[in-house]
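Given the coordinates of chain A, work out where chain B should sit on it, guided by the hints.
Protein chains in written order, with the numbering used here: chain A, 1 to 301; chain B, 1 to 196.
If you're looking for bench data, these hints aren't it; they were derived computationally from the structure. A few of these clues could be false.
Taking lysine-lysine pairs in the DSS-like style, the calculated list, with each CA pair at most 27 Å apart, reads [said to hold, decoys possible]:
hint: 1; chain 1: A; residue 1: 3; chain 2: B; residue 2: 59
hint: 2; chain 1: A; residue 1: 295; chain 2: B; residue 2: 183
hint: 3; chain 1: B; residue 1: 183; chain 2: A; residue 2: 64
hint: 4; chain 1: B; residue 1: 59; chain 2: A; residue 2: 293
Beyond 10 Å from chain B on every Cβ pair, some chain A residues (computed) [what the hints assert, rightly or not]:
hint: 5; residue: 14
hint: 6; residue: 31
hint: 7; residue: 36
hint: 8; residue: 50
hint: 9; residue: 65
hint: 10; residue: 68
hint: 11; residue: 74
hint: 12; residue: 260
Far from chain B, by Cβ distances over 12 Å, these chain A residues were calculated [stated by the list, open to error]:
hint: 13; residue: 1
hint: 14; residue: 6
hint: 15; residue: 24
hint: 16; residue: 26
hint: 17; residue: 32
hint: 18; residue: 41
hint: 19; residue: 70
hint: 20; residue: 253
hint: 21; residue: 268
hint: 22; residue: 269
hint: 23; residue: 272
hint: 24; residue: 295
C-beta: ideal position from N, C-alpha, C; glycine also.
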Amino acid sequence: MCKEIREYISEYIDGIASDDVKAKVASHLSDCQECKQLYEELLSLTLMMNAIPQAEVPDGLEAKVAARISKIETGRGQEPTVLNPRKKRYKRWASLAAIFVVGIFTITMYNNNNMMTDSDAYKHSQYRKQDVQEISLQKDSADLTDAATENQDNGSSANRSVPTSLQSSAADATASGNGESETNGTAKEPEEQAFAISERRGPEPEPKAGGAGAATFSQPCRGMQKETEKQVYAGANDAEQVLLHMRCLEEALAGSEFQIKSSSKIGSDIWRFEVIIDSETVYYLGQGGKIWKEKTEELSL
Amino acid sequence: MGEMDNHNERDLIERAQGGDESAFEALILACSKKAYNIAFRYLRNGEDAQDAVQESFIKLYRHLGSFNFNSRFDTWFYRIVVNVCNDILRKRKAHLELCDTGERAQDNEFNPDLTDSAANPEEQVIADERQRMLMACIDQLADEHRQVIILRDLNGFTYEEITVILSCSIGTVKSRISRARLKLREIYIKEAKKEK
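Isolated chain A (complex conformation) (with noise of 0.2 Å):
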């Protein structure tokens, strides 16, 4: 008992523990003399720690900051720094991005016993033109998604969708080639979205107004097993996880030079990144958009 109160001392202190840990921290305080003494000790430290007197920002450094900013846009001679971040940081997302998705179709695509080439797909797709096009002067996405699923066993709506924000990184990723690339990863209008992924795929019809794209994508595969097209949009959505946690590892390693390299998946939802920091291999694991440092020994006290 007196182990585990010791580790709520804290929290009791902080006054941020629960009330049913505050209820039992209390009880055992006024029965166990030890961990009383050990209560008024921290509390003693913690208010010492509070009362040390913050330390004096020396004269001159924000000057000095001025003047290397100063410096660092005098030896660019361009438009400020800070407008350029987004480009370079996305020109690397946007290559890590392309790499990332066209590994996952590719491996996709070739894994597939019933998998059509992209010259298979494009005769296909010439053979269901006139469906295409029926379908493709349908008013919305969600009539397409049902002209879909018709055709389909059991087809679930939810998979019809692919995810915006690896629509938009992909399109992003075509056009990063140019170092062009303005967006900030915002969704793009559907046609938009699923025209990029069906270019993947082969020459096919113009999509239409009302997210033709979905129909596009999926008709040529009528032939397809439906497992490919699973395959397909949980690959799509594995790299959008993946891109995911690239993002969080950036912003909390923000301020360090560091080197992706490699992700793998060791759960079903789990990522873990080999990170190079300073030469030396540091290992995040990432889930639901949080990223952690793998722990690799135990803290010692």
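Same frame as chain A, now just chain B:
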């Protein structure tokens, strides 16, 4: 950044992102004291702390465009400061390892003599002898523990703010603070006995 309300802060940041130097200077002034204190306590050296703060502001300047208002600006910036300090400490350790002749110093490169009266000028403000001894004990903590003590007990960040600065969960923060204080108490008791 406590003096500015959210609207003013956002306006200032957007202007700084647009290249407004005076807006950027205002951001520096709002964060510099806390940033310096984090770095100073972390690196235990005024000169290194100044370098770390300068470096952090330069990185802030370069990365300001990537700030997307998903978190508070100051905690985002202090994360940069902590990461810069960690980089400096890593380089220091690597340098120490190269120079190691056999008798390893502790994690603490400076290994301050608790009876040293020729204190660093900044330390002179700390009149209370007990506080000075306490600081020396904090310097003996492992980096991970010292980090949370500096943020929580010396700079007054909340547990939530610390989760953002250190990019870890609230559970991890609670656990680290608890263990750091317990360890600090052990060191303090030992040093207090030595003094007697």
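Consistency of the hints with the structure:
| no. | hint | verdict |
| --- | --- | --- |
| 1 | A:3 / B:59 | violated (43 Å) |
| 2 | A:295 / B:183 | holds (20 Å) |
| 3 | B:183 / A:64 | violated (38 Å) |
| 4 | B:59 / A:293 | holds (22 Å) |
| 5 | 14 | violated (7 Å) |
| 6 | 31 | holds (20 Å) |
| 7 | 36 | holds (14 Å) |
| 8 | 50 | violated (6 Å) |
| 9 | 65 | violated (4 Å) |
| 10 | 68 | violated (6 Å) |
| 11 | 74 | holds (13 Å) |
| 12 | 260 | holds (15 Å) |
| 13 | 1 | holds (16 Å) |
| 14 | 6 | violated (7 Å) |
| 15 | 24 | holds (15 Å) |
| 16 | 26 | holds (17 Å) |
| 17 | 32 | holds (16 Å) |
| 18 | 41 | violated (6 Å) |
| 19 | 70 | violated (9 Å) |
| 20 | 253 | violated (6 Å) |
| 21 | 268 | holds (20 Å) |
| 22 | 269 | holds (17 Å) |
| 23 | 272 | holds (16 Å) |
| 24 | 295 | violated (10 Å) |
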